[in-house]
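Colleague: Chain by chain, the residues:
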Amino acid sequence: MMEEVKEGASALSVHGHNVKVTEALKDGDALTFLIVSEKLSGTGEYHVHRTYEDLEWLQHNLFSQEDVPGIQGVIFPPLPARPQVNPPAKAVKQLGVLALGEWQPYCRALETFLQQVASHGTLCKNKAVETFLTDADPPGKQRARRNLFNRLSQAVEELRKEGHKDVDEFFHAERGRNAVATGGAKNAAERFLDVVLTQQKIAVACGHFSAALHLCVEPGEDPDKQAFSKLCVKLSEVFESMKKNMMNVAENNVNTLGLGLDLESRYQEAEREMLFRRTCKMVEVENARRNAERAKPVKKAAMEEVKRATEDEFGHISKVAKDEVARFQGSRVQMLQRALVRWCEQQLLTARQSAEQLSQHLQAVRALGPRPA
Amino acid sequence: MADAANPPPLQTDFQELEDGEDLFPEPSATQESGPASLPAQDISTNSNGPKQDSLFDDDPDDLFAEATEEVSLDSPERDVLLSDGPSPAITPITPPTCVIGPHIGHDDLFTHSSFDEIEEEEGGDSFDIHISVSDPEKVGDGMNAFMAYKVTTKTSMSVFKRNEFSVKRRFSDFLGLHSKLASKYLHIGYIVPPAPEKSIVGMTKVKVGKEDQSSNEFVEKRRSALERYLMRTVKHPVLLKDPDVLQFLESSDLPRAVSTQALSSAGLLRMVNKAADAVNKMTIKMNESDAWFEEKQQHFENLDVQLRKLHGSVEALVCHRKELSVNTAQFAKSAAMLGNSEDHTALSRALSQLAEVEEKIDQLHQDQANADFYLFSELLGDYVRLITAVKGVFDHRMKTWQKWQDAQMLLQKKREAEAKLQFTNKPDKLQQAKEEIKELEMKVQQGERDFEQVSKTIRKEVSRFEKERVKDFKTIIIKYLESLVQTQQQLIKYWEAFLPEAKAIS
Numbered sequence: 001m002m003e004e005v006k007e008g009a010s011a012l013s014v015h016g017h018n019v020k021v022t023e024a025l026k027d028g029d030a031l032t033f034l035i036v037s038e039k040l041s042g043t044g045e046y047h048v049h050r051t052y053e054d055l056e057w058l059q060h061n062l063f064s065q066e067d068v069p070g071i072q073g074v075i076f077p078p079l080p081a082r083p084q085v086n087p088p089a090k091a092v093k094q095l096g097v098l099a100l101g102e103w104q105p106y107c108r109a110l111e112t113f114l115q116q117v118a119s120h121g122t123l124c125k126n127k128a129v130e131t132f133l134t135d136a137d138p139p140g141k142q143r144a145r146r147n148l149f150n151r152l153s154q155a156v157e158e159l160r161k162e163g164h165k166d167v168d169e170f171f172h173a174e175r176g177r178n179a180v181a182t183g184g185a186k187n188a189a190e191r192f193l194d195v196v197l198t199q200q201k202i203a204v205a206c207g208h209f210s211a212a213l214h215l216c217v218e219p220g221e222d223p224d225k226q227a228f229s230k231l232c233v234k235l236s237e238v239f240e241s242m243k244k245n246m247m248n249v250a251e252n253n254v255n256t257l258g259l260g261l262d263l264e265s266r267y268q269e270a271e272r273e274m275l276f277r278r279t280c281k282m283v284e285v286e287n288a289r290r291n292a293e294r295a296k297p298v299k300k301a302a303m304e305e306v307k308r309a310t311e312d313e314f315g316h317i318s319k320v321a322k323d324e325v326a327r328f329q330g331s332r333v334q335m336l337q338r339a340l341v342r343w344c345e346q347q348l349l350t351a352r353q354s355a356e357q358l359s360q361h362l363q364a365v366r367a368l369g370p371r372p373a
Numbered sequence: 001m002a003d004a005a006n007p008p009p010l011q012t013d014f015q016e017l018e019d020g021e022d023l024f025p026e027p028s029a030t031q032e033s034g035p036a037s038l039p040a041q042d043i044s045t046n047s048n049g050p051k052q053d054s055l056f057d058d059d060p061d062d063l064f065a066e067a068t069e070e071v072s073l074d075s076p077e078r079d080v081l082l083s084d085g086p087s088p089a090i091t092p093i094t095p096p097t098c099v100i101g102p103h104i105g106h107d108d109l110f111t112h113s114s115f116d117e118i119e120e121e122e123g124g125d126s127f128d129i130h131i132s133v134s135d136p137e138k139v140g141d142g143m144n145a146f147m148a149y150k151v152t153t154k155t156s157m158s159v160f161k162r163n164e165f166s167v168k169r170r171f172s173d174f175l176g177l178h179s180k181l182a183s184k185y186l187h188i189g190y191i192v193p194p195a196p197e198k199s200i201v202g203m204t205k206v207k208v209g210k211e212d213q214s215s216n217e218f219v220e221k222r223r224s225a226l227e228r229y230l231m232r233t234v235k236h237p238v239l240l241k242d243p244d245v246l247q248f249l250e251s252s253d254l255p256r257a258v259s260t261q262a263l264s265s266a267g268l269l270r271m272v273n274k275a276a277d278a279v280n281k282m283t284i285k286m287n288e289s290d291a292w293f294e295e296k297q298q299h300f301e302n303l304d305v306q307l308r309k310l311h312g313s314v315e316a317l318v319c320h321r322k323e324l325s326v327n328t329a330q331f332a333k334s335a336a337m338l339g340n341s342e343d344h345t346a347l348s349r350a351l352s353q354l355a356e357v358e359e360k361i362d363q364l365h366q367d368q369a370n371a372d373f374y375l376f377s378e379l380l381g382d383y384v385r386l387i388t389a390v391k392g393v394f395d396h397r398m399k400t401w402q403k404w405q406d407a408q409m410l411l412q413k414k415r416e417a418e419a420k421l422q423f424t425n426k427p428d429k430l431q432q433a434k435e436e437i438k439e440l441e442m443k444v445q446q447g448e449r450d451f452e453q454v455s456k457t458i459r460k461e462v463s464r465f466e467k468e469r470v471k472d473f474k475t476i477i478i479k480y481l482e483s484l485v486q487t488q489q490q491l492i493k494y495w496e497a498f499l500p501e502a503k504a505i506s
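Just so you know, the sequences run in chain order A and B.
All residue numbers for the first sequence refer to the UniProt record's numbering, where the first residue is 1 and numbers rise by one.
All residue numbers for the second sequence refer to the UniProt record's numbering, where the first residue is 1 and numbers rise by one.
Just chain B, with the same shape it has in the complex:
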């Protein structure tokens, strides 16, 4: 049940609240929400100090208990699934003040770590970690079957117990990890990399046991996406040291993430409706005093549009390449037939060679299509999803601002009420009012601190994003060019081998 470090003076009620709606009924209970209003269970009712520990638990009214379908690239807002199971570590809402040493184990409370100083620590332990996701293995039969992936980590970083280790994980484990990270970090301004998308159709085929090319492609696509997801997550200096991440990578047993199961259609409908409502209500008019944020938000809006366009372009390209591969194979067959029925020996031979060359070229086309896809299409898709997380973080800032403003307004009202009470003879009520005001003043201060912190964090995160973006794109472009050059060189070899055959016909 609900708990806090100190029992609050007032009874608290947990309800899911829409943004802007009844945010501060008395007693106060606050809600944090993801971009599409999937609220975290947040108990921030402490009247003491900045530390706001929270434990997440099940809310009986949580309509989302069964809903877990992640929304695809094309939906207006992406659901962030927030964890509803207890987290192994206690989650800070505002970064506490002490240093976390590099030797603190996974189970230590995080409460006294300073994120700023973690990032500075990073310089000491250079970023050296490589994660691979491999060996997809089907476990079980029928509709209860799932794919298990081997997650191997190779690292020299001291935050890990060993230098090389692997564990088995299934897709819902990854979703569970993301869910936990999102609930801990999104609302304080960290850009948590989104998890790969679910696909009921793709996975059903695999479960049902269709061992065909499309289900193999699906598994490979997923494997690659999971790998990219983990690498992106550990590249984040704060997330890398998160106990959930460490546990995910190192621990051979992981509690099953139950909230990620595919959902019923009723649940899906409710979720979609709720998301729509949330979008409508989320027009917080913020007095943006900082032009930087306004500019950045516009920048990300534009980037979103452009990346989606690029993504669409690449998808078309991949499609055509696959078509080319099919057509080349068919042409190869027709050339082989010509060769077979040809009487002239040398011509027959050349035509058969032609068929072979075309088959090899077909393979090149397929490889090229894969490169187009895995390098560009997936990169662009990842970034479109990442930008949705970025936008979510900006939204959280707005909500934090709103919270602060609301607290201020309430304080103002209480002060006015208290002023009036001064002239009445109700000492008890006056005392109560004074106490409430004190509480609210704390809240306002906290609200301001939260807002400043989240703004600061976002600035850092955006800067990190821009740097990572350049690195990512450059890496991919180089890989792609290397594959293009290799294809051309292979093509040259094939043509050079064929030329004498063609000349030999006479």
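If we strip away everything but chain A, and leave its shape as in the complex, we get:
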């Protein structure tokens, strides 16, 4: 989703844009992912096994880059929620569409995450990324510290800062837009998931009906019984076709628009967190200015220094943020377009296949004697 780093300035020894997550392996209650990256030199690939803990380690490292100016202005590519082999209901809800399809959609989402991290101009320079993608050994297991950069999930008193009036018209507008978009995307993703789940139920019901029809086949020489049995068998085939069609439709939904809406939802959330960090810094600036103003002469110089540093940081953050927002807006449109086009193409293909099959069934039934009343 983010633009690719120029070859010459690459901090990685692998291509970032085509990192693949090829497999999800169950190991008891945990999942291990097989991640494949192509060497820049063209001499081969890295194959590494990583767990979710390893991903958290990577994310933690990215968040901890305090030496990078304006790092808080980065919209961090969102990591999907933790996958569990037998997830409780709450976890299933959180994962949404990613919990379906035997973890294949989840792998796609992880791929996207890694590709975005590896292609991000600033983030890819973090050594953790290289280690994560290329090191045969899993990176160290670090306990996830209190995440400085996901402030929105923290103390309630911090949240009221979210509504704090902005000094910059651009960000004022962007915050407004983001607030609406976050809710809208989440809602759309959830409604779409409901559709998919119902489609799966229909597929199962068609399967049951198809099986039940087989029980209606009657043995014997009687021509009427044979005719009826043939009809039952034919109808059973029809419902089996319907089942497969519905499963394909559901799968298409998940793999294209489902993933797209899920990503959009999580990305809007990531932007929201970035904007909040900036807002918090903005509040810090205001406080620093106030402190500097009211400071007693003894403390004045120190307060002025703090004020200046804070203003600097805020400046960096805002600059980075502006760039990030522009890039984000551009790439999300691209992403959604791709998702919508692929969705439509796949559904069109499935519909054509299904129409063809059903027509054949119809011809076959018509050909069965006797002529209908």
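Derived from the structure by calculation, the hints contain no laboratory data.
There are no misleading hints in this set.
Capping the alpha-carbon separation at 20 Å, the derived lysine to aspartate or glutamate pairs in EDC-like fashion look like this:
| no. | chain 1 | residue 1 | chain 2 | residue 2 |
| --- | --- | --- | --- | --- |
| 1 | B | LYS296 | A | ASP224 |
| 2 | B | LYS503 | A | GLU345 |
| 3 | A | LYS201 | B | GLU315 |
| 4 | B | LYS168 | B | GLU220 |
| 5 | A | LYS243 | B | GLU482 |
| 6 | A | LYS230 | B | GLU466 |
| 7 | B | LYS460 | A | ASP224 |
| 8 | B | LYS296 | A | GLU218 |
Stretches of chain A that chain B covers, calculated by requiring three or more beta carbons in the stretch to come under 8 Å of a beta carbon on chain B:
| no. | region |
| --- | --- |
| 9 | 205 to 217 |
| 10 | 335 to 344 |
| 11 | 348 to 360 |
All of these numbers come straight from a predicted model, not from anything done at the bench.
Backbone N, C-alpha and C define an ideal beta-carbon position, used for all residues, glycine too.
Dock chain B against chain A, hints included.
Modeller: Only chain B this time, still in chain A's reference frame:
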């Protein structure tokens, strides 16, 4: 009051008798019962000849006078409501021997028609009749309101006076028709198609005036069921020519069928208890000499189980489809909201188009759910109910056999008694015994004839059923497939229209 063509020599008493209970007290009075023991008032006490005319009348002891709730699909036995008003035609119990010509009007007595020959006549006048039930119209207000349906018949068959005609009928009229047909034909082995089910809840909503989707659906479901019921009835070559059927279809005035009103809870309770009793007592052990019947009965038992299972499956499917329709509509709304709040023009447009496509797809889901329902669910439901009627017919055969056997046993006893009387000096009693024996011999012969006739009729009916079943299912399957194909083609159109919109985002 009770009447017969010739006054019987012995006083007869009308009582409701349970099967197997006191079937032949002296004097003899016989009872015919439906599968759940709702007895017809049968006066078959003639000592003359095979013709047993009967008129149905009110029995003061009839506990069922007020009970009319038809039992639903899930009950163990289905009540057959038998008519308790006079029928316009006299009903034959055994088919008499003469031919009925195609020009005999409705009011002619049926007594001299041969059913066998009616069916052969059928070949001459090809089956060409189409009945539609339409234009449901609410008549009246409040709890006395009812729906009136227009019944239109289009036909070229000569048994009808005109080629195209319509009448207004209400639901109880249909029940009344079925009731009459059942009382005339079930016990001689004809599979009379069951009438659609009553629904107090559904109808109350309509009466109370709730003009919402569920009451509209209810009316449509009922309308469709009534149409299928009539078509199934007229497809039967014998029923088609029944005067009650003809009157139902043609006559602008129809006497109100009063016995079909919704019942009181006390009545319902009595009826349920009676039905339960009847089921318990109906274990007639018949010496089945004909393997065909044994096999067929088993076959219908199996079919019943399978169809119920299928019906359950389809109901689940219909339910999920409706759910899909609701979810699709909600997704469409959420997509529309996304489109509205989107700044990027082309993306916004595409999202709005997406919402529209999803709305259209929602409509397709609804249409599909209707197809699932009206084609399969209702067909399977009809057949489950039909099989209950089939089982009832088999039961009637058993009862007919029982009657014959009982008459034989009684005859045997009387002969033994007569033999003993030979050695006593009681000429009067001996004479009486001889007379009774003569009567009983007639009865036994009649019983045997009845049994053979009903067996023959059932064989024919079952064969007809199997043929009709194939036709029905095939027709429905074709309709269903056509609707599926159409849905897919429509879907293809929608996707083809959306694709350029999606590609245009950049």
